[in-house]
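Produce the complete structure using the sequences and hints provided.
As given, the protein sequences belong to chains A and B, one line each in that order. Just so you know, the working numbering puts 194 at position 192 of the first sequence, and the rest follows in order with no gaps. Just so you know, the working numbering puts 150 at position 148 of the second sequence, and the rest follows in order with no gaps.
Simulated from the structure, these hints should not be mistaken for lab results. There's no promise every hint is true.
With the C-beta cut set under 10 Å, the calculated list includes, among others, these residues of chain B facing chain A [to be verified]:
| id | residue |
| --- | --- |
| 1 | 52 |
| 2 | 74 |
| 3 | 76 |
| 4 | 88 |
| 5 | 104 |
| 6 | 151 |
| 7 | 219 |
| 8 | 237 |
| 9 | 246 |
| 10 | 247 |
| 11 | 248 |
| 12 | 347 |
A few chain A positions that, by computed beta-carbon distances, are all more than 12 Å from chain B [to be verified]:
| id | residue |
| --- | --- |
| 13 | 36 |
| 14 | 189 |
| 15 | 199 |
| 16 | 205 |
Note that the coordinates shown come from a computational prediction; the quantities given were computed from them, not determined experimentally. All residues carry an ideal CB built from backbone N, CA and C; glycine is no exception.
2 protein chains.
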Amino acid sequence: MSQGTRFDQELREQPAALARLLAQGREQAEAIAEAIRAAAPELVVIVARGSSHNAGRYAQYLFGIRNRLPVAYAAPSMYTLYQQPPVLRRALVIGISQSGQSPDVSAVMEESRRQGALTVAVTNDPASPLARVADHCLPLHAGPEQAVAATKTYTTQLLALAMLSTALGGTAADWDALAALPSAVAAALRLNADIVARAERYRYARQFVVIGRGYNLATAWELALKIKEITYIIAEPYSAAEFRHGPVALIEPGFPVLLVAPSGAAYGDTAALLALLEERGAEVIAISDQAALLARARTALPLPAGVSEWLSPLVAVVPGQLWAGALATVRGQDPDCPRGLRKVTYTH
Amino acid sequence: MSQGTRFDQELREQPAALARLLAQGREQAEAIAEAIRAAAPELVVIVARGSSHNAGRYAQYLFGIRNRLPVAYAAPSMYTLYQQPPVLRRALVIGISQSGQSPDVSAVMEESRRQGALTVAVTNDPASPLARVADHCLPLHAGPEQAVAATKTYTTQLLALAMLSTALGGTAADWDALAALPSAVAAALRLNADIVARAERYRYARQFVVIGRGYNLATAWELALKIKEITYIIAEPYSAAEFRHGPVALIEPGFPVLLVAPSGAAYGDTAALLALLEERGAEVIAISDQAALLARARTALPLPAGVSEWLSPLVAVVPGQLWAGALATVRGQDPDCPRGLRKVTYTH
Numbered sequence: 003m004s005q006g007t008r009f010d011q012e013l014r015e016q017p018a019a020l021a022r023l024l025a026q027g028r029e030q031a032e033a034i035a036e037a038i039r040a041a042a043p044e045l046v047v048i049v050a051r052g053s054s055h056n057a058g059r060y061a062q063y064l065f066g067i068r069n070r071l072p073v074a075y076a077a078p079s080m081y082t083l084y085q086q087p088p089v090l091r092r093a094l095v096i097g098i099s100q101s102g103q104s105p106d107v108s109a110v111m112e113e114s115r116r117q118g119a120l121t122v123a124v125t126n127d128p129a130s131p132l133a134r135v136a137d138h139c140l141p142l143h144a145g146p147e148q149a150v151a152a153t154k155t156y157t158t159q160l161l162a163l164a165m166l167s168t169a170l171g172g173t174a175a176d177w178d179a180l181a182a183l184p185s186a187v188a189a190a191l192r193l194n195a196d197i198v199a200r201a202e203r204y205r206y207a208r209q210f211v212v213i214g215r216g217y218n219l220a221t222a223w224e225l226a227l228k229i230k231e232i233t234y235i236i237a238e239p240y241s242a243a244e245f246r247h248g249p250v251a252l253i254e255p256g257f258p259v260l261l262v263a264p265s266g267a268a269y270g271d272t273a274a275l276l277a278l279l280e281e282r283g284a285e286v287i288a289i290s291d292q293a294a295l296l297a298r299a300r301t302a303l304p305l306p307a308g309v310s311e312w313l314s315p316l317v318a319v320v321p322g323q324l325w326a327g328a329l330a331t332v333r334g335q336d337p338d339c340p341r342g343l344r345k346v347t348y349t350h
Numbered sequence: 003m004s005q006g007t008r009f010d011q012e013l014r015e016q017p018a019a020l021a022r023l024l025a026q027g028r029e030q031a032e033a034i035a036e037a038i039r040a041a042a043p044e045l046v047v048i049v050a051r052g053s054s055h056n057a058g059r060y061a062q063y064l065f066g067i068r069n070r071l072p073v074a075y076a077a078p079s080m081y082t083l084y085q086q087p088p089v090l091r092r093a094l095v096i097g098i099s100q101s102g103q104s105p106d107v108s109a110v111m112e113e114s115r116r117q118g119a120l121t122v123a124v125t126n127d128p129a130s131p132l133a134r135v136a137d138h139c140l141p142l143h144a145g146p147e148q149a150v151a152a153t154k155t156y157t158t159q160l161l162a163l164a165m166l167s168t169a170l171g172g173t174a175a176d177w178d179a180l181a182a183l184p185s186a187v188a189a190a191l192r193l194n195a196d197i198v199a200r201a202e203r204y205r206y207a208r209q210f211v212v213i214g215r216g217y218n219l220a221t222a223w224e225l226a227l228k229i230k231e232i233t234y235i236i237a238e239p240y241s242a243a244e245f246r247h248g249p250v251a252l253i254e255p256g257f258p259v260l261l262v263a264p265s266g267a268a269y270g271d272t273a274a275l276l277a278l279l280e281e282r283g284a285e286v287i288a289i290s291d292q293a294a295l296l297a298r299a300r301t302a303l304p305l306p307a308g309v310s311e312w313l314s315p316l317v318a319v320v321p322g323q324l325w326a327g328a329l330a331t332v333r334g335q336d337p338d339c340p341r342g343l344r345k346v347t348y349t350h
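So this is what it looks like as structure tokens:
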């Protein structure tokens, strides 16, 4: 797939980038967790755009399930256009941004800090405006990312959040599970080496729906964004539940659906949706470690076994990144320079 | 448009349904506001699916800007599949559902109440499971809704939330603005009477993007859902800001974009995006009360003047409902019975 592009190169750097963050970020994560415990927040507010917002979707499940903290997403326009922000007493506000440059994300952080909330920046640039405005910074250590479509900064954002959650309330076994991630991501890359041949079939696809649930709702959102950014095919993300409340009407025979279905508590519901998709004649591309589910898909993108569900979004996104890159290649598009996009987007 | 269908009939009932809720719901809204003041919540949690979730998106801006309360969306799978819900001390939990039947929405309400949070049901059926499990119920008084695609229950949900926000911290002038809504919605219906002729052009459209910002991000989401439900054309909603962070790559000459741009604080940013869309050759369908913006669109769906921005989502959605119904008609589809959907969806 898209060999020689920066997009391809950077997504293959993910095992090394994750290993680097694990080695260099734990102390910082523990120190921030200490400050969070002292502040005893009642809620977490995520401030982010694009792929970083998708990392924030992971944080909702991560902090909700593992740390029992409710998570909200800031609406930056309340701070910038309306200038009537909500009162965030006792909140932990986490700004997530690859570049740390977008003015609206920094504006939310600045006002939150002014109100006395605890603020943490998760960014690849510890010298960025976002990092400077926050009380604490958790750097991604991902190295420079030059392709416009994020890959290694997305997975390192997920890892930074998982390390923070574990530092807040995890066990030694959880740290062991984190340590196994680089090799699981490397295995996901190996298992999908023949991806271009399997993308050919979708050369003329005109739309996709991407479905996940629970922890992997984030994966569905991120892969739908990757597909749009580098192949220019519209792709809409849904939770398996929300999809049943209306959008399922879209499905006619041949409609291509990318299903993200790793093992875990959400697997049963996603697999149940597969039965409905089969009934309606959808064409299913599946990302899973479950052989039985992969066998039912038209195109199978396998995952390595043995990854805990709470960490599966770091691994499940990888075959999808490869597949989106391969689809760009078979369509003759350059994934490094999507039309109309720049690496850093400034919004207000 | 789709004359004689229940969808058409129910959307034309909106002025009457809104007037009924204004007349019959204020006392209840005041009583619930009293209970909310006593509980002094630190955050609002919205529990909803489908169109009701889109009403919840309005609530984020409404309660955030006008009542300074942060708003989060519950992830029901944490309660049902993972059984590890977040701790909601000091939260106001609002369940929104036309039917009040979906088990996952009730499950979140039940657990929230068990934890001691204040729970409010906003539903068209005050005898439903959702209403029974909540501390308080704010009924919609919308009358029976039989078309699968929600219209009058969506706008009455918005109104119920706006009444609650006003009862919590509004002025007499705000109640006057609410009282003017039925006639503004009637005006929006009149201004777009010739809708079928203007939908013809999109008979063979294969995709749409729907864009709003701030209060009207909810309108963009709801109209994208209407289009998918009754025309089976994929339509993806975005905020004007989020759209610039990746999905703008989709836009090539002729790409149809529905732009929701009523007057107010968010207008400038949405109008600025129009310039970018023009540059890229997009085909713009605009919903606005601004003549200058409508003149730049290929298809203009006018709004009456004089509606405050915080209430504009109740009016701005109406031409879009009409337009989606007209598009179903020119495509020979029955908006009352979308394939694969039932009026009540049960998810877990």
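Against the structure, the hints:
The interface hint given for residue 52 (chain B) is met, as the beta carbon of that residue sits about 3 Å from the closest beta carbon of chain A, less than 10 Å. Nearest Cβ of chain A to the Cβ of residue 74 (chain B): about 4 Å, under the 10 Å cut. The hint holds. About 8 Å separates the beta-carbon of residue 76 (chain B) from the nearest beta-carbon of chain A, less than 10 Å, and the hint is met. Interface restraint check for residue 88 (chain B): the shortest CB-CB distance to chain A comes to about 4 Å, inside 10 Å, so the restraint holds.
With a cut of 10 Å, the hint placing residue 104 (chain B) at the interface with chain A holds, because the nearest CB-to-CB distance is about 8 Å. Hint status for residue 151 (chain B) relative to chain A: holds, with the closest Cβ pair at about 8 Å, below 10 Å. The restraint placing residue 219 (chain B) at the interface with chain A holds, with a minimum CB-CB distance near 8 Å, inside the 10 Å limit. With a least beta-carbon distance of about 8 Å to chain A, the hint placing residue 237 (chain B) at the interface is held under the 10 Å criterion.
The restraint placing residue 246 (chain B) at the interface with chain A holds, with a minimum CB-CB distance near 5 Å, inside the 10 Å limit. Checking residue 247 (chain B) against chain A: minimum C-beta separation of about 3 Å stays under 10 Å; hint holds. At a threshold of 10 Å, the smallest CB-CB gap from residue 248 (chain B) to chain A is about 5 Å, leaving the interface hint in force. At about 5 Å, the closest approach between the beta carbon of residue 347 (chain B) and any beta carbon in chain A falls short of 10 Å, and the interface hint on this residue holds.
Non-interface status of residue 36 (chain A) relative to chain B is upheld: no Cβ of that chain comes within 12 Å, the nearest being about 20 Å off. Taking the minimum C-beta to C-beta distance to chain B, about 26 Å, the non-interface status of residue 189 (chain A) holds against the 12 Å cut. A cut-off of 12 Å between C-beta atoms confirms that residue 199 (chain A) is not in contact with chain B; the least separation is 25 Å. Against the 12 Å criterion, residue 205 (chain A) stays outside the reach of chain B, whose nearest CB is about 16 Å from its own CB.
No hint from the list above goes unmet by this structure.
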